[in-house]
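**Q** The residues making up each chain are set out below.
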Amino acid sequence: MRKICVLLLTLAMLCTCALAETVNARDEAVLNIFTWEGYIDYETVIKPFEEETGIKVNYATFASNEEMYEKLAAAKGGDYDIILASDYMLNRVREDGLMQKFDPEIVDNYGNLNPDFTHQFFDPDNEYVVPYVSGIPLIVYDPSVVGIEIKSFNDLWDASLTDSLGLIDDARVTIGMVLLSMGQSMNTTDDAILAEAAEKLDALKPNIHVLEYENLHNYLVSGDVAVAYTFTPFVALALDANPDLQVVWPEEGLGFGIDGCFIPSAAPHAKNANRFLEFLLRPEIAAICAEWQYYCSPNAAAQDCLEDWYKENPVFNGIYDRIGDAEYVMNLSTEDEQKFQDIWTKFKLSL
Amino acid sequence: MAHNGDALRRREKRRSILFTLPMALFAALLVALPLIYVLGTSLVESGQDFSLGATFTLENYRRILRADYLLVFLNSLQLAFFTTVISLLIGYPFAYCMARAGRKWRFILMMLVIIPFWTSALVRIYGWKILLQGNGLINTVLKRLGLIETSIKFLGSYGSVLLAMVYCMISFMILPCHSAVDKMDFTLVEAARDLGAPPWRAFLTVTLPLTTPGILAGCVLVFVPCVGIFYLSDIMGGGLMLIGNLIRDQLLKVRDWNFGSALSMVLVLLTAGIYAVYRKCGGKDLGVF
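From first to last, the protein sequence lines are chains P and G. Residue numbering for the first sequence follows the numbering used here, starting at 1 and increasing by one per position. Residue numbering for the second sequence follows the numbering used here, starting at 1 and increasing by one per position.
Any given hint could turn out to be false.
Stated by the list, open to error - Okay, derived cross-link-like pairs now, DSS-like style, lysine-lysine, Cα gap no bigger than 25 Å in a straight line:
hint: 1; chain 1: P; residue 1: K311; chain 2: P; residue 2: K151
hint: 2; chain 1: P; residue 1: K200; chain 2: G; residue 2: K253
hint: 3; chain 1: G; residue 1: K253; chain 2: P; residue 2: K76
hint: 4; chain 1: P; residue 1: K101; chain 2: P; residue 2: K71
hint: 5; chain 1: P; residue 1: K151; chain 2: P; residue 2: K71
hint: 6; chain 1: G; residue 1: K183; chain 2: G; residue 2: K104
hint: 7; chain 1: P; residue 1: K101; chain 2: P; residue 2: K271
hint: 8; chain 1: G; residue 1: K253; chain 2: G; residue 2: K183
hint: 9; chain 1: P; residue 1: K346; chain 2: G; residue 2: K253
hint: 10; chain 1: P; residue 1: K200; chain 2: P; residue 2: K151
hint: 11; chain 1: G; residue 1: K253; chain 2: P; residue 2: K205
hint: 12; chain 1: P; residue 1: K76; chain 2: P; residue 2: K56
hint: 13; chain 1: P; residue 1: K71; chain 2: P; residue 2: K56
hint: 14; chain 1: G; residue 1: K253; chain 2: P; residue 2: K71
hint: 15; chain 1: P; residue 1: K101; chain 2: P; residue 2: K56
To be verified - For each label pair, taking beta carbons as the anchor points, the in silico distance ranges come out as:
hint: 16; chain 1: P; residue 1: A29; chain 2: G; residue 2: V141; range: 57 to 63 Å
hint: 17; chain 1: P; residue 1: K47; chain 2: G; residue 2: F117; range: 32 to 38 Å
hint: 18; chain 1: P; residue 1: K346; chain 2: G; residue 2: R279; range: 35 to 41 Å
hint: 19; chain 1: G; residue 1: P22; chain 2: P; residue 2: D96; range: 22 to 28 Å
To be verified - Output of the computed footprint for chain G on chain P, the stretches with three or more beta carbons under 8 Å from beta carbons of chain G:
hint: 20; segment: 165-178
hint: 21; segment: 208-216
hint: 22; segment: 339-345
Derived from the structure by calculation, the hints contain no laboratory data. All C-beta atoms, glycine included, are put in the ideal place defined by N, C-alpha and C.
Please work from the sequences and hints to get the whole structure.
**A** What follows is the structure, given as structure tokens:
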């Protein structure tokens, strides 16, 4: 009997604690960030924010946009205060009502952003998302071993490049590249065009040496491949290791992506989240983030704070002239995604 | 007296239930429940959650019966098979020498097998990548020796994937083989030799049959995880399409959880089937080797 009493008392105490917590949550000096590992630097961004505001930042990580969505949906838009994710997923979260508008009174420096990067499909009225960084997959090659001058995607099919290409192991990105080379949209779902793309992809087979999602720059630097089509940070890393490498902004068009921050619909500390968004938009902080991430900065005001090595890198500043040619990889319906995946499965099986 | 014994037995029984309960709960919560959820998800129509209102269908399983998906399964089985054979060819002699070596050597060899486990497999595989890359140590040494003129492109080849697989899995072959050789009564080999059998004959007719259980256990321990592994092929740039790649792409890229679950269930059944055949053939419990 005494044991039961103790148990009941403990339970009662726990309940009171839990209740007290929900009451106090709104005023707590806490901010829960949810994003990929290593996406926001502690020393140069989070720590100064904590020191300035007295808000304690918790940093939780996910491995993929999809994992983030599952957790956010399960928490019914709660648990987290700031989430940093990719464009197509931002759109899905907004459409599913799991975002809340940021407070323009607190986030009064939204105007720092380059207008080319605002009014995007995931936030047409600039109410929900603060773009953080932006990236474009590019071709990068070693002119000392490649006999031709590469200017376009179509040059990758050149017979002189046998067994020397490194491509991204992803159906949408790489089939998308083939579609761009054909003058088509990366998001086409037309069966005839996709069949043609599958054929054209097949013709690229003899030139492919390696398929890997990340870190393709290592193969380029070590001489295992002569040409790579890879994401912005890896292109920049390749260039760091070997400045003689050539970066190509393909003539036919560009893939494009933005990662942005938003406040979930039931964020427990929305006010702190707004303060953090204001902090991220400051020119000096935005510059630090872009340099840390090795991505392009969507923040126009940050240009003055960027270091020379960053500004002189053709990978980071080329986007401002070509943004009109850039296209997002959009989310498609399950059946349409399956079409891309089936082409990719068949292609990889025949490699 | 009889009454007393009954009470004791009953108390004993109650106590044993108390001790097995946490284990059973653990298994039910962390193994059975998730599996039931995956099974349920695989049996309802695409796009639906596994819940009361869902529509039952076998469509997700029927969809697997397509030439390219079956080829993906075959690809994984083939890679697992090659990995197992190579692991056996290298692991068995190693285990044999280890079991027959003196105390000091046995300790050193055992450490060689165990110490790599103290580091993450991921880190060790990246180490291999650095050794194998175009300007890596192996290519540099081969060039200095004048054996090759241009670098060999090891990375991205099927061979490099096999190397990574064997490297990661071989201890699971060595340990059961070692334990089998170690437990064997070597006076039997001596008897065979005394009766005039040459060493190879004594090995084939005495040592090999007596250590078969260890070999079989090692083969199952290597083969079964190999069927599901895909990250090694991805890291080595192999670009292979394995079951794991297919399941991941269906879950995360196409977001067809139902089809992905059906694929996962087939993989579970496949590995369970391999284990069942192994037990049927007289294989011992893999809990102990």
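**Q** Evaluate each hint against the coordinates.
**A** Hints, one by one, checked against the model:
Restraint check for K311(P) and K151(P): satisfied, since their Cα atoms lie roughly 22 Å apart, inside the 25 Å limit. Taking the CA atoms of K200(P) and K253(G), the gap is about 22 Å. The hint holds against a cut of 25 Å. Only pairs whose Cα atoms come within 25 Å are accepted, and K253(G) paired with K76(P) is accepted, the gap being roughly 23 Å. Only pairs whose Cα atoms come within 25 Å are accepted, and K101(P) paired with K71(P) is accepted, the gap being roughly 20 Å.
With a C-alpha separation of about 43 Å, the suggested pairing of K151(P) with K71(P) is violated against the 25 Å cut-off. Taken as a hint, the K183(G) and K104(G) pair is honoured in the structure, with Cα atoms around 18 Å apart against an allowance of 25 Å. A threshold of 25 Å between alpha carbons decides the hint, and for K101(P) with K271(P) the separation of about 11 Å falls inside it, so the pair holds. A hinted pair counts as satisfied when its Cα atoms are at most 25 Å apart, and K253(G) with K183(G) does not qualify at roughly 50 Å.
Between K346(P) and K253(G), the direct Cα distance comes to roughly 16 Å. Compliance with the 25 Å bound is thereby established for this hinted pair. A distance of roughly 18 Å separates the Cα atoms of K200(P) and K151(P); the hinted pair therefore holds under the 25 Å criterion. Between K253(G) and K205(P) the alpha-carbon distance is near 23 Å, which keeps this suggested pair within the 25 Å criterion. The suggested pairing of K76(P) with K56(P) holds, with an alpha-carbon distance near 23 Å, which does not exceed 25 Å.
At roughly 22 Å between alpha-carbon atoms, K71(P) and K56(P) fall within 25 Å of each other, so this suggested pair holds. For the given pair, K253(G) sits about 17 Å from K71(P) by alpha-carbon distance, which is consistent with the 25 Å threshold. At most 25 Å may separate the alpha-carbon atoms for a hinted pair to count; K101(P) and K56(P) meet this at roughly 23 Å. For A29(P) paired with V141(G), a C-beta distance near 58 Å keeps the hint of 57 to 63 Å intact.
As the Cβ distance of K47(P) to F117(G) is approximately 36 Å, the hint placing it in 32 to 38 Å holds. Checked against the given bound of 35 to 41 Å, the beta carbons of K346(P) and R279(G), roughly 37 Å apart, stay inside it. Restraint check, P22(G) to D96(P): a C-beta distance of roughly 39 Å breaks the suggested window 22 to 28 Å. Against chain G, the segment 165-178 of chain P contributes 5 residues with a C-beta closer than 8 Å to a partner C-beta. That satisfies the three-residue criterion, and the hint holds.
Evaluation of the coverage hint for the segment 208-216 of chain P: fulfilled, as 6 residues show C-beta separations to chain G shorter than 8 Å, against a requirement of three. With a cut-off of 8 Å between beta carbons, the segment 339-345 of chain P has 4 residues touching chain G; three or more are needed, and the interface restraint holds.
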